[in-house]
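Quick mapping for you: the protein sequence lines, in order, are chains A and B. With our numbering applied, the first sequence covers 1 to 788. With our numbering applied, the second sequence covers 1 to 189.
Misleading hints may appear alongside valid ones.
[Claimed, not checked] Computed list of lysine to aspartate or glutamate pairs in EDC-like fashion (alpha-carbon distance at most 20 Å, straight line):
1) B:K6 <-> B:D100
2) B:K91 <-> A:D135
3) B:K53 <-> A:E618
4) B:K53 <-> A:E130
5) B:K62 <-> B:D42
6) A:K452 <-> A:E772
7) A:K131 <-> B:E36
8) A:K597 <-> A:E618
9) A:K452 <-> A:D600
10) B:K64 <-> A:D135
11) A:K559 <-> A:E577
12) A:K106 <-> A:D127
13) B:K62 <-> A:E618
14) A:K624 <-> A:D596
15) B:K62 <-> A:E56
16) A:K569 <-> A:D534
17) B:K51 <-> A:D697
18) B:K97 <-> B:E112
19) A:K597 <-> A:E577
20) B:K91 <-> A:D133
21) B:K64 <-> A:D27
22) A:K106 <-> A:E14
23) A:K624 <-> A:D534
24) B:K51 <-> A:D423
25) B:K62 <-> A:D53
26) B:K91 <-> A:D534
27) B:K64 <-> A:D53
28) B:K20 <-> B:D100
29) B:K62 <-> A:D127
30) B:K51 <-> A:D127
31) B:K97 <-> B:E79
32) B:K91 <-> A:D697
33) B:K29 <-> B:E39
34) A:K275 <-> A:D215
35) B:K51 <-> A:E772
36) B:K62 <-> A:D133
37) B:K62 <-> A:E577
38) B:K64 <-> A:E130
For the record, the hints were derived by calculation from the structure and aren't laboratory data.
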Amino acid sequence: MTATGIGAPVRRKEDFRFITGAGRYVDDINRPGQAYAYFLRSPHAHATINKIDTTEAMKSPGVVAIFTGADIEADKVGGLICGWAIFNKDGSPMRAGAHPALAIGKVRYVGDHVAVVIADTLAQARDAAEKIDVDYGVLSAAADVTTARKAGAPTIHDVAPDNQVYDWHLGDKAATDAAFAAAKHVTKLDIVNNRLVPNPMEPRAAVGEYDIGSDSLTLYTTSQNPHVARLVLSAFIGLAPENKFRVIAPDVGGGFGSKIFIYAEETVCVWAARKVRRAVKWTSDRTEAFLSDAHGRDHVTHAELATDANGKITAVRVSTKANMGAYLSTFASSVPTYLYAPLLSGQYNIPAIYAEVEAVYTNTAPVDAYRGAGRPEATYVIERLVEVAARELNVDPAEFRRRNFVTAFPHQTPVIMAYDAGDYDASLTKAQQMHDVAGFAARKAASASKGKLRGLGYSAYIEACGIAPSAAVGSLGAGVGLWESAEVRVNPIGTVEILTGSHSHGQGHETTFAQLVSGRLGIPIENVSIVHGDTDKVQMGMGTYGSRSGAVGMSAIVKALDKIEAKAKKVAAHVLEAAEGDIEFKNGKFTVKGTDKEADFGSIALQAYIAHKFNGQELEPGLKESAFWDPTNFTFPAGVHICELEIDPATGVVTIDRWTAVDDFGNVINPMIVEGQVHGGIAQGVGQALFEGAVYDSDGQLITASFMDYTMPRAQDLPSYNVGMTITACPSNPLGIKGCGEAGAIASPPAVINAITNALGHENITMPATPEKVWKAAQASAQKMAAE
Amino acid sequence: MAMTMKGEVDLPATKEVVWKALNDPEVLKSCIPGCESLEKIDDNTLAATAKVKVGPVSASFKGKVNLLDLDPPNGYRIEGEGEGGVAGFAKGGAVVKLSDIPTGTKLTYDVEAQVGGKLAQLGARLIDGVAKKMADQFFADFAAAVGKQEGVAAPAEAQASAAAPAPAQNSEAKGWLQRLIAWFMDLWR
Chain A
1 MTATGIGAPV RRKEDFRFIT GAGRYVDDIN RPGQAYAYFL RSPHAHATIN KIDTTEAMKS
61 PGVVAIFTGA DIEADKVGGL ICGWAIFNKD GSPMRAGAHP ALAIGKVRYV GDHVAVVIAD
121 TLAQARDAAE KIDVDYGVLS AAADVTTARK AGAPTIHDVA PDNQVYDWHL GDKAATDAAF
181 AAAKHVTKLD IVNNRLVPNP MEPRAAVGEY DIGSDSLTLY TTSQNPHVAR LVLSAFIGLA
241 PENKFRVIAP DVGGGFGSKI FIYAEETVCV WAARKVRRAV KWTSDRTEAF LSDAHGRDHV
301 THAELATDAN GKITAVRVST KANMGAYLST FASSVPTYLY APLLSGQYNI PAIYAEVEAV
361 YTNTAPVDAY RGAGRPEATY VIERLVEVAA RELNVDPAEF RRRNFVTAFP HQTPVIMAYD
421 AGDYDASLTK AQQMHDVAGF AARKAASASK GKLRGLGYSA YIEACGIAPS AAVGSLGAGV
481 GLWESAEVRV NPIGTVEILT GSHSHGQGHE TTFAQLVSGR LGIPIENVSI VHGDTDKVQM
541 GMGTYGSRSG AVGMSAIVKA LDKIEAKAKK VAAHVLEAAE GDIEFKNGKF TVKGTDKEAD
601 FGSIALQAYI AHKFNGQELE PGLKESAFWD PTNFTFPAGV HICELEIDPA TGVVTIDRWT
661 AVDDFGNVIN PMIVEGQVHG GIAQGVGQAL FEGAVYDSDG QLITASFMDY TMPRAQDLPS
721 YNVGMTITAC PSNPLGIKGC GEAGAIASPP AVINAITNAL GHENITMPAT PEKVWKAAQA
781 SAQKMAAE
Chain B
1 MAMTMKGEVD LPATKEVVWK ALNDPEVLKS CIPGCESLEK IDDNTLAATA KVKVGPVSAS
61 FKGKVNLLDL DPPNGYRIEG EGEGGVAGFA KGGAVVKLSD IPTGTKLTYD VEAQVGGKLA
121 QLGARLIDGV AKKMADQFFA DFAAAVGKQE GVAAPAEAQA SAAAPAPAQN SEAKGWLQRL
181 IAWFMDLWR
């Protein structure tokens with residue numbers, strides 16, 4: 001390991017510009033003659049649009065144009081798409097309702113886009129929007145899955161009269177039912193996975209621009225995957241061919257999945273820019289973000305776990321209703337299906353699993369991938385089931401897990417996944433030691449003496465990430481491949497630009513990717529620049545989500561670096577006047593085997609461009625290589641989190657006292673950044689467990705649409721974490737990386753709830769476990785104890 | 001989101017006078033906070049516009065009000081809905097009943113209202129408070145107005161008798177005025 005190579009805790013190169021305010025986000029971008037867009041949004045959850053009268057609004061000062069769905073339709077521009085096909089139990093395709101960028105004939109959720117006003121200033125656009133007269137025919141709304149599936153519920157999309165998007169299943173039902181029939185003990189749980197609003201620090205924004213001379217479009221957008229955005233806007237929505245369409249995602253301030261998707265706003269901005277022949281800018285305000293960013297989670301699940309006489313798990317049976325919101329967002333359909341059910345085996349050897357998932361339209365904002373995407377929901381199901389089963393069987397929850405761990409690899413689960421490497425017992429044992437689980441009883445007694453309830457909860461999670469390989473996801477219905485690309489450009493004096501299809505929006509790629517290159521080429525890390533987020537610079541890429549940038553994105557760089565090294569060796573052979581086979585490259589130096597002849601990387605780069613030392617017919621000048629990398633499997637990060645907390649039964653306030661996380665992310669590029677990802681992930685998971693919840697009332701009104709009503713976790717709510725690691729290298733990529741971006745958010749919610757229920761002595765609590773709920777539950781505990 | 005408000009208020013006027021005032025667009029207009037216009041379209045329908053501010057949300061509401069179950073001079077049901085553009089909408093109704101008391105007329109009201117859009121998103125916590133405040137103001141003004149019509153010499157006192165009871169009416173029973181106001185507001189939204 002060098003000081004800046006793989007494994008070094010290099011400080012993030014990008015942080016200087018971020019903490020000094022020198023970052024360049026979409027809202028920092030202003031184009032000459034730019035106009036501003038303001039979206040008039042539906043105040044109704046479900047209504048027909050009888051008429052939109054823009055006459056008065058058009059007279060408003062500064063108005064450039066006002067467009068409605070009819071205008072977009074007239075331009076033959078397509079609607080937004082869902083790029084993952086799911087099939088019903090009977091083999092028929094899912095029922096995907098049309099998703100126009102601006103509503104046509106009907107609005108389906110509060111915040112749905114009714115019209116866009118484009119004006120010289122934002123204030124003028126807002127003022128004009130006030131004057132648009134929309135005649136709504138209000139319809140009854142269905143704001144939750146149960147209401148939406150009731151007989152007589154309002155139909156949200158005509159293609160799905162009963163609001164069922166799909167009725168999907170996975171696993172062997174007969175084998176699972178048989179295992180349950182033969183079970184010694186069955187644990188049953190009803191689980192709600194609460195709906196979350198992503199809330200990245202930077203809200204979404206877009207600037208669309210049209211260049212008359214080249215008849216081309218440019219879109220600056222807050223995207224985690226600008227190439228996918230261009231692909232969708234070009235090929236499916238039909239705004240312009242790819243060669244006339246540049247998408248730039250500059251600095252992006254967090255996404256957590258919510259910026260994967262292609263939304264109405266950027267579609268409209270870039271479309272309108274051509275219509276009005278001016279750049280058009282839109283920046284979401286926070287309440288717009290609450291209303292219109294794709295939300296996360298929102299599952300209602302009944303789950304059962306069967307055990308035999310030896311306390312071994314024999315089967316798991318899960319039935320889930322997933323709220324998809326009013327429209328299918330870009331990858332929404334995959335989240336409660338292939339990103340969910342295949343993880344229901346957890347870290348355990350479970351012979352039979354059967355999961356059925358019903359996806360349901362409701363009059364709420366679309367729901368799609370959010371940090372973990374399906375895997376937090378699966379982990380919550382299996383880790384609550386396992387914990388409760390252990391308690392019911394009077395077995396220590398850690399021991400029960402250990403008894404059922406997968407211990408031999410590769411391990412084929414009954415639900416698609418083939419776990420390639422891991423050591424789950426190592427993580428559990430290390431976590432128990434680091435946490436001082438042995439001292440818990442004494443700490444609990446000390447809490448009790450102060451009138452507090454103390455609880456300890458485990459979560460032994462596994463996730464599948466580094467989302468890929470392409471053929472595998474294609475066979476599951478994905479409309480795209482999930483490889484990654486990289487291009488290594490070595491400049492004549494030996495500095496390097498890495499063009500990557502991954503996109504950094506907080507992950508620190510400019511540092512970790514540069515570490516890989518610095519270590520491999522033996523050059524200073526300052527000499528490596530990472531270029532991403534611009535379709536005119538990077539040819540093609542799949543973007544960043546699913547903890548895939550390390551495992552897939554960096555692997556592509558490795559492949560391109562392999563080619564660079566091979567080419568540079570050819571150049572070095574000419575320069576050093578030796579046979580190519582005798583050239584060795586190490587620590588930034590080319591040497592000739594058995595001699596003292598050497599040349600550093602920079603001088604060989606220069607020679608590659610000067611091209612005096614070799615015949616251009618035999619060897620191409622220059623030093624630039626690219627690679628596409630498609631891995632052989634998903635990666636399977638896993639680990640154990642232990643949450644220990646104290647409940648004040650008088651107030652219901654939960655105080656997390658200690659948190660231990662031991663993760664196996666495979667090989668680690670930068671331990672400091674990995675630890676930061678774990679910290680952030682836990683904070684988000686604790687947010688879900690204790691604070692966050694998007695609430696729609698029965699009319700479909702979002703009543704948690706600001707930080708006044710939607711609680712985010714704060715520093716004071718979180719302890720100082722103990723973070724440890726175990727490492728089993730991932731065999732399916734050249735770096736042995738598994739990915740760490742989502743693990744914390746996946747692992748932590750069940751750890752919190754397992755700790756709370758451990759403290760309370762009963763299982764009757766739902767997320768978010770707010771003080772009000774915990775107080776009520778604590779009263780129930782007290783009554784139960786009194787009765788006993 | 002739904003909101004309910006119930007209450008009663010004692011007015012220094014006879015039932016007939018109160019009833020008349022309740023059906024007089026001019027009186028209502030002058031009493032409804034923020035009301036910019038209130039016009040009778042027909043006997044039982046009014047068109048209204050009002051400017052309302054709830055916390056950070058300020059908007060002009062346009063809507064229609066229908067008077068139903070008319071039982072002069074004992075009461076009616078009033079229903080309506082209003083659109084406030086980007087601020088959202090409000091709709092709702094109120095049952096208003098009048099009864100004789102020694103000092104004049106007791107008006108009871110029972111309001112049920114729904115708000116949506118920005119009002120629900122940002123104003124949810126504020127709406128009850130704003131509605132009550134508007135109700136207080138409405139009933140104070142309304143008491144003064146009916147007092148005047150009744151020929152009560154001292155509107156200030158009449159006003160006091162309506163406004164002062166506010167504490168007595170307190171949160172649950174702030175008076176039909178509040179409800180009226182509230183539903184009016186809602187209507188305009």
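Quick rundown of the hints versus the structure:
1. Between B:K6 and B:D100, the direct Cα distance comes to roughly 19 Å. Compliance with the 20 Å bound is thereby established for this hinted pair.
2. For the hint linking B:K91 to A:D135, the alpha-carbon distance of about 15 Å falls within 20 Å, and the restraint holds.
3. Straight-line distance between C-alpha atoms of B:K53 and A:E618 comes to about 78 Å, which puts the hinted pair past the 20 Å bound.
4. Taken as a hint, the B:K53 and A:E130 pair is honoured in the structure, with Cα atoms around 15 Å apart against an allowance of 20 Å.
5. The hinted pair formed by B:K62 and B:D42 meets the criterion: a straight-line CA distance of about 17 Å does not exceed 20 Å.
6. For the hint pairing A:K452 with A:E772, the CA-to-CA distance comes to about 16 Å; that is within 20 Å, so the pair holds.
7. A C-alpha spacing of about 17 Å is found between A:K131 and B:E36, which places the hinted pair at or below 20 Å, so the restraint holds.
8. Straight-line distance between C-alpha atoms of A:K597 and A:E618 comes to about 23 Å, which puts the hinted pair past the 20 Å bound.
9. A threshold of 20 Å between alpha carbons decides the hint, and for A:K452 with A:D600 the separation of about 65 Å lies outside it, so the pair is violated.
10. Our distance criterion of 20 Å between C-alpha atoms is met by B:K64 and A:D135, whose separation comes to about 13 Å.
11. Distance hint between A:K559 and A:E577 is unfulfilled; the C-alpha atoms sit about 27 Å from each other, more than 20 Å.
12. With a C-alpha separation of about 24 Å, the suggested pairing of A:K106 with A:D127 is violated against the 20 Å cut-off.
13. Only pairs whose Cα atoms come within 20 Å are accepted, and B:K62 paired with A:E618 is rejected, the gap being roughly 80 Å.
14. Pair hint A:K624 plus A:D596 does not hold up; C-alpha atoms about 28 Å apart against a cutoff of 20 Å.
15. This hinted pair checks out: B:K62 and A:E56 have alpha carbons roughly 15 Å apart, not beyond 20 Å.
16. Between A:K569 and A:D534, the direct Cα distance comes to roughly 31 Å. Violation of the 20 Å bound is thereby established for this hinted pair.
17. Restraint check for B:K51 and A:D697: not satisfied, since their Cα atoms lie roughly 26 Å apart, outside the 20 Å limit.
18. With a C-alpha separation of about 15 Å, the suggested pair B:K97 and B:E112 falls inside the 20 Å cut-off, and the hint holds.
19. Restraint check: the Cα-Cα separation between A:K597 and A:E577 comes to about 9 Å, which is no more than 20 Å; the hinted pair holds.
20. Note on B:K91 and A:D133: the hinted pairing holds, with a Cα-Cα distance of about 17 Å set against a maximum of 20 Å.
21. A threshold of 20 Å between alpha carbons decides the hint, and for B:K64 with A:D27 the separation of about 41 Å lies outside it, so the pair is violated.
22. Straight-line distance between C-alpha atoms of A:K106 and A:E14 comes to about 45 Å, which puts the hinted pair past the 20 Å bound.
23. Our distance criterion of 20 Å between C-alpha atoms is met by A:K624 and A:D534, whose separation comes to about 19 Å.
24. Between B:K51 and A:D423, the direct Cα distance comes to roughly 66 Å. Violation of the 20 Å bound is thereby established for this hinted pair.
25. The suggested pairing of B:K62 with A:D53 holds, with an alpha-carbon distance near 15 Å, which does not exceed 20 Å.
26. Proposed proximity of B:K91 and A:D534 is contradicted: the alpha carbons are some 48 Å apart, above 20 Å.
27. For the given pair, B:K64 sits about 18 Å from A:D53 by alpha-carbon distance, which is consistent with the 20 Å threshold.
28. Under the criterion of a C-alpha separation no larger than 20 Å, the hint pairing B:K20 with B:D100 is consistent with the structure, at around 15 Å.
29. Of the supplied pair hints, the one linking B:K62 and A:D127 holds, its CA atoms being roughly 16 Å apart against a limit of 20 Å.
30. The straight-line distance between the Cα atoms of B:K51 and A:D127 is roughly 15 Å, inside the 20 Å bound, and the hint therefore holds.
31. About 14 Å separates the Cα atoms of B:K97 and B:E79, which keeps this hinted pair within 20 Å; it holds.
32. Taking the CA atoms of B:K91 and A:D697, the gap is about 16 Å. The hint holds against a cut of 20 Å.
33. Proposed proximity of B:K29 and B:E39 is supported: the alpha carbons are some 9 Å apart, at most 20 Å.
34. Of the pairs offered as hints, the one joining A:K275 and A:D215 holds, with about 12 Å between alpha carbons and a cut-off of 20 Å not exceeded.
35. Simply put, B:K51 and A:E772 have alpha-carbon atoms about 37 Å apart, too far for the 20 Å limit, and the pair is violated.
36. Straight-line distance between C-alpha atoms of B:K62 and A:D133 comes to about 10 Å, which keeps the hinted pair within the 20 Å bound.
37. Distance restraint check for B:K62 and A:E577: the Cα-Cα separation of roughly 87 Å exceeds the 20 Å cut-off, and the hinted pair is therefore not satisfied.
38. For the given pair, B:K64 sits about 19 Å from A:E130 by alpha-carbon distance, which is consistent with the 20 Å threshold.
Of the numbered hints listed earlier, those contradicted by the structure are 3, 8, 9, 11, 12, 13, 14, 16, 17, 21, 22, 24, 26, 35 and 37.
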